[in-house]
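The primary structure of each chain is shown beneath.
Protein chains: 2
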Amino acid sequence: MAFGLVAQQFVRLGILSTSDHASVVSINLFVALLCGCIVIGHLLEESRWINESITALVIGVCTGVVILLTTKGKSSHIFVFSEDLFFIYLLPPIIFNAGFQVKKKQFFRNFMTIMLFGAIGTLISFFTISLGAIALFRKMDIGTLDIGDFLAIGAIFSATDSVCTLQVLNQDETPLLYSLVFGEGVVNDATSVVLFNAIQNFDLVHIDAIIILKFVGNFGYLFISSTLLGAFGGLLSAYIIKKLYIGRHSTDREVALMILMAYLSYMLAELLNLSGILTVFFCGIVMSHYTWHNVTESSRVTTKHAFATLSFIAEIFLFLYVGMDALDIEKWRFVSDSPGKSLRVSSILLGLVLVGRAAFVFPLSFLSNLTKKSRYERIIFKQQVTIWWAGLMRGAVSIALAYNQFTRSGHTQLRGNAFMITSTITVVLFSTVVFGLMTKPLIRDQKKKEENSQVDHPASECSLANQLIRFTTTGAKRPQLAVS
Amino acid sequence: MAFGLVAQQFVRLGILSTSDHASVVSINLFVALLCGCIVIGHLLEESRWINESITALVIGVCTGVVILLTTKGKSSHIFVFSEDLFFIYLLPPIIFNAGFQVKKKQFFRNFMTIMLFGAIGTLISFFTISLGAIALFRKMDIGTLDIGDFLAIGAIFSATDSVCTLQVLNQDETPLLYSLVFGEGVVNDATSVVLFNAIQNFDLVHIDAIIILKFVGNFGYLFISSTLLGAFGGLLSAYIIKKLYIGRHSTDREVALMILMAYLSYMLAELLNLSGILTVFFCGIVMSHYTWHNVTESSRVTTKHAFATLSFIAEIFLFLYVGMDALDIEKWRFVSDSPGKSLRVSSILLGLVLVGRAAFVFPLSFLSNLTKKSRYERIIFKQQVTIWWAGLMRGAVSIALAYNQFTRSGHTQLRGNAFMITSTITVVLFSTVVFGLMTKPLIRDQKKKEENSQVDHPASECSLANQLIRFTTTGAKRPQLAVS
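Note that the protein sequences, when read in sequence, are chains B and F.
Everything in the first sequence is counted per full-length UniProt numbering, starting at 1 for the first residue and increasing by one.
Everything in the second sequence is counted per full-length UniProt numbering, starting at 1 for the first residue and increasing by one.
Just to be clear, a hint being listed does not mean it is correct.
Treat identical chains as interchangeable: a pair holds within one or across any two.
[Claimed, not checked] Once the Cα atoms are required to be at most 35 Å apart in a straight line, the calculated DSBU-like pairs of lysine-lysine come out as:
no., residue 1, residue 2
1, Lys-139, Lys-242
2, Lys-242, Lys-440
3, Lys-304, Lys-242
4, Lys-304, Lys-103
5, Lys-243, Lys-440
6, Lys-304, Lys-104
7, Lys-105, Lys-382
8, Lys-242, Lys-341
9, Lys-304, Lys-243
10, Lys-103, Lys-243
Derived from the structure by calculation, the hints contain no laboratory data.
Given only the sequences and the hints, what does the whole structure look like? Please build it.
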């Protein structure tokens, strides 16, 4: 029986739900747009500037404009931005695939630097942006914002968008930068969870040693437990598939089990208020390292491409969605009377993002270089600039948090909140498009230097990598020991 | 940023949405159960009786009982049965994959018989059940049911559940039976849409030639337009992928494009009130016949298994879901005072289903045998019994329709409606489990006879198959002409 029939049933029952029809229409429009994005993205593949995310974002905004005009300014989006959609359906496949496809050797070699950037770096940028916002916005009359709001602003705008990173950085072209910036983005998530715990639970006005210790302990607990949960999920799937020889009867069961267990690990992490992103990321790493070697040949090909495809669709969906949502007339109504001020707020925030990131990339790179013996291992200045630059993009994560902090049920009541929402959108659009456009060339320019520093030789942190892998190895009956 | 963070944000904002937490819990439980079903289904693979759908159904019911006990009879399901979930998300992948993997030669060879069963057969069973219900229920006092309700009962219980068929019949073991019963199930959908149009628009009390002509015309239009839409979607995807050489840059784009365009064709059909099932089924056939040959090797492996996996997960999900929902305390409360009567209603309906199906399988098989020249082509009596038997199962489709007809916003107001809902659930559970259990052995018993009739030789309707395929061929630039 088709939905059409059901719709007719509704008509028959005299309770014709126009919402059903509307949702069918919007799904049609949205899927058609997705197809469009994929085709256009394919045609622009050779382009020196554009990448898929920017295409989707732009198409989204254009569609928003069209809808806005056709509905005569009534509405501009076909879906209301929902955090559930984002955190429950779109984010997991993207991060899982990133973990599944990440170059593990490169990742674990730079593990310490990644931790440094992800944990300490995020903190530095958080404090810089929060204090900057307090200092600059207090003078301007943009409605009432309390200390909690300012701290939230700090967290919102230090949230590196891992998804954008995946789009602009190419793992094969620049493995070092990729693993640094993306890894940072993943760890960044754990930090932010701790950060918000802190904002809620600790009195941040008089900070003392105990609070800082608690804070560090909290982060350690969160990081380790999330990682272990992810690793456990991966190992369990490997064990079941190997022990029960699932592939004997059908390939599909293997693939289904991998997908479901990865998703389960993410949702479990959310249930336990851990960092789901960290969990599913490490689950992806472990699955590609153990499970993947225990499945049938066809399952290997399938998983490799199926996960990539899912994540690909989720990414396009996400940017299209953000682009469409950006023009939501509701949000702009409140600030339409003072466009100049709204613009000033946005540019201040953009400046703070730039400064906040610079404030940790360069010092921490310097620190990490001190630990490196060989000069090939060091992060040269040009690379530091790229790291700083590539991490400037803010995306759906920032928007989701801004909505969460500054709106109730999707509508802005207070003037201050309205300003924050609109500026967040402005910053996201601007940073993604402009910074995104300029990252590709920037990287191509210094690719040569990159390649030099990629010469393979025993590195200081390589041992750590092997330790980590050995540690996990003991847990699983895996066929081979080579670090893949 | 993780959902955990968002949840904490909610806490912070003082609007802790327990619903969010609840949904996370239920998703965890549900995904865990899905994994369980897959593992158990794997362990029971060799079993002579059980199949995956029955496992899922039983596990679902058991979980329902547990939840019922833990919540002290307050609720028994973690999700409320939603038609959208079923028709928008679960059904399309299942039917698409069925079309994608179907043995086209076999299907088109039996095309006429399938049409006969799907169109005329469904009508016969519809009238048998409706009239039987009117005759038998009028005497019993089970609340008020009008003529519309009785006709709806006819439609609800003549809805062959294609999904169950896929589970019990094995295409490789019994290709003829599979193509007949499953094909019938697909065409059955178009018939039902027309049927409901008819119930709404035509005055069925005084039937005359014009009405019947209208009816036939209506069916023809619906069938042809749905088929053409599906074929067009498939050919378009083939054309785009071949012309733009999407595979040049990435395999993932090819796979993504195939998935999205198949889904788009389904949703378009729904939008135009056509039969989405027919559309997506033919879209699957065309894609496996043209598009599949234009994609890269890895895309072929990926699509073959990825689509099967999606459909596999959707099926398990569906049966688990139906099983869980079956115990919804709300529905049973109304009939709890007269269990005997409820049982009688259910058994009457079950009897009507048996009779209604027998009323068209045997006569129509006889008719179709008349057209067959070679005795190998004929449907022998034992096969007719199997066809009758294998199509007896009623599933989620019937439930969705019953809810739609007899409930408003998921709750039963009238006594008569309550009876119908509970009896539908009883019939679905009983038919799926009991008939399902007995189908596997039944088929194995007469497999030999089947194999004899599978000897390959030019058949009367084979020409039609080639015609159909040639017809579509002209539309597409496809690499080879062999009927795959």
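Item to check | Copy assignment of Lys-242 with Lys-341, given that the CA separation must stay at most 35 Å | outcome: Classified as neither; 61 Å inside a copy, 51 Å across copies.
Item to check | 35 Å Cα threshold - placement of Lys-440 relative to Lys-242 | outcome: Close across copies (29 Å), not inside one copy (42 Å); limit 35 Å.
Item to check | Copy assignment of Lys-105 with Lys-382, given that the CA separation must stay at most 35 Å | outcome: Classified as within: same-chain Cα gap 23 Å, cross-chain 62 Å, threshold 35 Å.
Checklist entry - Which holds for Lys-243 with Lys-440 at a C-alpha limit of 35 Å: within a copy, between copies, both or neither? => result So Lys-243 and Lys-440 pass the 35 Å test across copies only (28 Å; inside, 45 Å).
Checklist entry - With identical chains treated as interchangeable, where does the CA-CA distance between Lys-103 and Lys-243 reach 35 Å or less: within a copy, between copies, both, or neither? => result Classified as both; 27 Å inside a copy, 34 Å across copies.
Checklist entry - Given identical chains, is Lys-304 near Lys-104, meaning Cα to Cα at most 35 Å, within a copy, between copies, both, or neither? => result both (15 Å within a copy, 29 Å between copies)
Checklist entry - Taking 35 Å as the upper bound on the Cα-Cα distance, should Lys-304 and Lys-243 be classified as within, between, both, or neither? => result This pair counts as both: shortest intra-copy Cα distance 22 Å, inter-copy 25 Å.
Item to check | Same-copy or cross-copy closeness of Lys-304 to Lys-103 [CA-CA at most 35 Å] | outcome: Result: close both inside a copy and across copies, 14 Å intra and 27 Å inter.
Item to check | Lys-139 and Lys-242: within-copy, between-copy, both or neither at 35 Å Cα | outcome: The answer is neither: 64 Å in one copy and 60 Å across copies each exceed 35 Å.
Next on the checklist: As a check of your reading, is Lys-304 near Lys-242 (CA-CA no more than 35 Å) within one copy, between copies, both or neither?
Outcome noted: Intra 18 Å, inter 23 Å, cutoff 35 Å: intra and inter.
Checked against the numbered hints above, the structure breaks hints 1 and 8 and satisfies the rest.
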